[in-house]
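Let's have the full structure, built from the sequences with the hints guiding it.
Listed here are the chains, written in short residue letters.
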Amino acid sequence: MMDAMIPHAALDVARIREDFPILRQTVRGKKLIYLDSAASAQKPRVVIEAMRNAMETQYANVHRGLHWMSERTTDAYEAARDAVAALMNADRAEIVFTGNSTGAINLLAHSYGRGMMRPGQAVVISGMEHHSNIVPWQMLRDDRGIELRVAPITDAGELDMAAFEALLADGKVGLVAITHMSNVLGTYTPAERIVRIAHAHGAKVLLDGSQAIVHRRVDVRALDCDFYVWTGHKLYGPTGIGVLYGKRDLLDAMPPFMGGGEMISSVSYERSTWAEVPHKFEAGTPAILEGIGLKAAIDYVQAIGYEAIAAHEQTLTDHALARLSPIEGLRIVGQAQDRGGVVSFTLEGAHAHDVATLLDRQGIAVRAGHHCAEPLMRRFGIDSTARASFGVYTTTEEIDTLADTLARVREFFA
Amino acid sequence: MSDDFADLRDLYQETILDHGRHPRHGHRLASFDATAKGDNPMCGDRVQVFVKYAPDGAIAETGFEARGCAISVASADLMAEVIAGRTPDDTRALFAAFRELARTGACPDCADAALERLQPLAGVHEYPSRVKCATLPWHALIAALDGTQEASSE
Chain A
603 MMDAMIPHAA LDVARIREDF PILRQTVRGK KLIYLDSAAS AQKPRVVIEA
653 MRNAMETQYA NVHRGLHWMS ERTTDAYEAA RDAVAALMNA DRAEIVFTGN
703 STGAINLLAH SYGRGMMRPG QAVVISGMEH HSNIVPWQML RDDRGIELRV
753 APITDAGELD MAAFEALLAD GKVGLVAITH MSNVLGTYTP AERIVRIAHA
803 HGAKVLLDGS QAIVHRRVDV RALDCDFYVW TGHKLYGPTG IGVLYGKRDL
853 LDAMPPFMGG GEMISSVSYE RSTWAEVPHK FEAGTPAILE GIGLKAAIDY
903 VQAIGYEAIA AHEQTLTDHA LARLSPIEGL RIVGQAQDRG GVVSFTLEGA
953 HAHDVATLLD RQGIAVRAGH HCAEPLMRRF GIDSTARASF GVYTTTEEID
1003 TLADTLARVR EFFA
Chain B
3 MSDDFADLRD LYQETILDHG RHPRHGHRLA SFDATAKGDN PMCGDRVQVF
53 VKYAPDGAIA ETGFEARGCA ISVASADLMA EVIAGRTPDD TRALFAAFRE
103 LARTGACPDC ADAALERLQP LAGVHEYPSR VKCATLPWHA LIAALDGTQE
153 ASSE
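So the sequences go chain by chain: A and B.
Taking the numbering used here, the leading residue of the first sequence gets 603, the next gets one more, and so forth.
Taking the numbering used here, the leading residue of the second sequence gets 3, the next gets one more, and so forth.
You may find that some hints are simply not true.
Label pairs and their in silico Cβ distance ranges [claimed, not checked]:
| no. | chain 1 | residue 1 | chain 2 | residue 2 | range |
| --- | --- | --- | --- | --- | --- |
| 1 | A | Arg-666 | B | Arg-94 | 56 to 62 Å |
| 2 | B | Glu-67 | A | Asn-691 | 48 to 54 Å |
| 3 | B | Ala-115 | A | Arg-746 | 55 to 61 Å |
| 4 | A | Arg-795 | B | Arg-101 | 49 to 55 Å |
| 5 | A | Glu-651 | B | Met-44 | 32 to 38 Å |
Below are the EDC-like pairs computed for lysine to aspartate or glutamate, each with C-alpha atoms no more than 20 Å apart in a straight line [claimed, not checked]:
| no. | chain 1 | residue 1 | chain 2 | residue 2 |
| --- | --- | --- | --- | --- |
| 6 | B | Lys-39 | A | Glu-976 |
| 7 | A | Lys-849 | A | Asp-684 |
| 8 | B | Lys-54 | B | Asp-35 |
| 9 | A | Lys-633 | B | Asp-9 |
| 10 | A | Lys-632 | B | Glu-128 |
| 11 | A | Lys-632 | A | Asp-962 |
| 12 | A | Lys-632 | B | Asp-12 |
| 13 | A | Lys-632 | B | Asp-9 |
Keep in mind the hints are simulated off the structure, nothing from the lab.
All C-beta atoms in this analysis are idealised placements derived from N, C-alpha and C, irrespective of residue type, glycine included.
Right, here's the structure in full:
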């Protein structure tokens, strides 16, 4: 997707850091080094101001008011849908707003899983899914007699493609639901290949892009995936808003998930009819301010450019692997060829929580634990890892500080 | 030892590092009268506690198997040490006092020698997310004493 050998328009990290007010904070008397962007990214000033500005100057409910404020707010909120559609190369009617990725997957498990699949069919997930892409399918299985199959991963943390294809051989698989980038291993899955293979066996494909879309341009037409979900707060936007992309014909055919206002065409006590997509799937007052904030985040990312972002994060990831790997007793979990800015590791003699506490004392924020991926932890025979993850504002110097501190953490517990 | 971590000595005192690395009671008892598991679903820490009673009903011996951080292992080990010879009721009272110590850093009844022994764990009160690491083995212990199978730190 990108070639690290070709120099890209360099990303001016120092200038970007100026855009994120929180990076001026100190933590426990030290300069904040935020290496937990994969859990949630920090917010640029343009996002903060877009939301505040909306509240201060043009706020009302959307899609219903016949007054100036409501019309302006509706325009701003629907402009967010246009921004998402342009970001993903989709049609605006194919963009459904949800609360987050989890909300989007649960919507699919209901409207596609319960609405369109039949008992005896199967869903295939992979061995490196977040709990949010496991549990909704387990609930579907238990509710509807739909089998759940798990495609194994290799020791390097890549999808075992032969085993994956074998799981589809009997033609019973109705849906493949797989991450586009692992939140633990950093692995990019070969999405185009997965889609080709699944389609050849009659299965639809959902890609969980919660991590991937932060780091690389996602073109749903080029991928030819049937569904793609992601969440705003990891893409420098606010919490509380997520995205479900679905091919128009599928969204049209799917029954609604939640009933209520906004999602209807007409209502009587005898029967109700549904609004057109995407509104059919958006019951209730939506996350208006969050949508406005999300558009500002997308504009911000687009202005930097995915090519520059991808190149910057490749540099950071390569630097992190080079600096962390030589640390005695440190084991990188996940050695995929194609990987992004998420590095998980264990340190011999020190539990991940203790590592995180010691790093925190130096102002370094990492995540420690099972990362909502317990089956994946078991696959590698561990309970937890520490994880450093990077964003547009991360610098190689911050990674150097992480590496130097980790070497001392090891001494501390030796 | 780096000086940069000097202020972490309040949390990781030598007693904790020592018992975290080399727990004296970190094993399943060959025979036991009660057992229960403790689980912190937020972080994945797990502990199973085994209790053997003396003929008079007091706790004769405690062992544990734990997968967790230095603080949770050290806490389990110190717990096993201080509850030997105590009655279940006395142990419950001690846990109430210890929980207070872990949450606030203050020792409500320092006259008890057992609490003095547990004092190195008081440093967790400054790290709210780590308090559960220290109390998880106790939750499992109380579940074992109560005859329930599982405890959660939640």
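Results of checking the hints against the structure:
no., hint, in the structure
1, Arg-666/A with Arg-94/B: 56 to 62 Å, "holds (58 Å)"
2, Glu-67/B with Asn-691/A: 48 to 54 Å, "holds (53 Å)"
3, Ala-115/B with Arg-746/A: 55 to 61 Å, "holds (60 Å)"
4, Arg-795/A with Arg-101/B: 49 to 55 Å, "holds (53 Å)"
5, Glu-651/A with Met-44/B: 32 to 38 Å, "holds (34 Å)"
6, Lys-39/B with Glu-976/A, "holds (18 Å)"
7, Lys-849/A with Asp-684/A, "holds (16 Å)"
8, Lys-54/B with Asp-35/B, "holds (5 Å)"
9, Lys-633/A with Asp-9/B, "holds (17 Å)"
10, Lys-632/A with Glu-128/B, "holds (17 Å)"
11, Lys-632/A with Asp-962/A, "holds (9 Å)"
12, Lys-632/A with Asp-12/B, "holds (18 Å)"
13, Lys-632/A with Asp-9/B, "holds (13 Å)"
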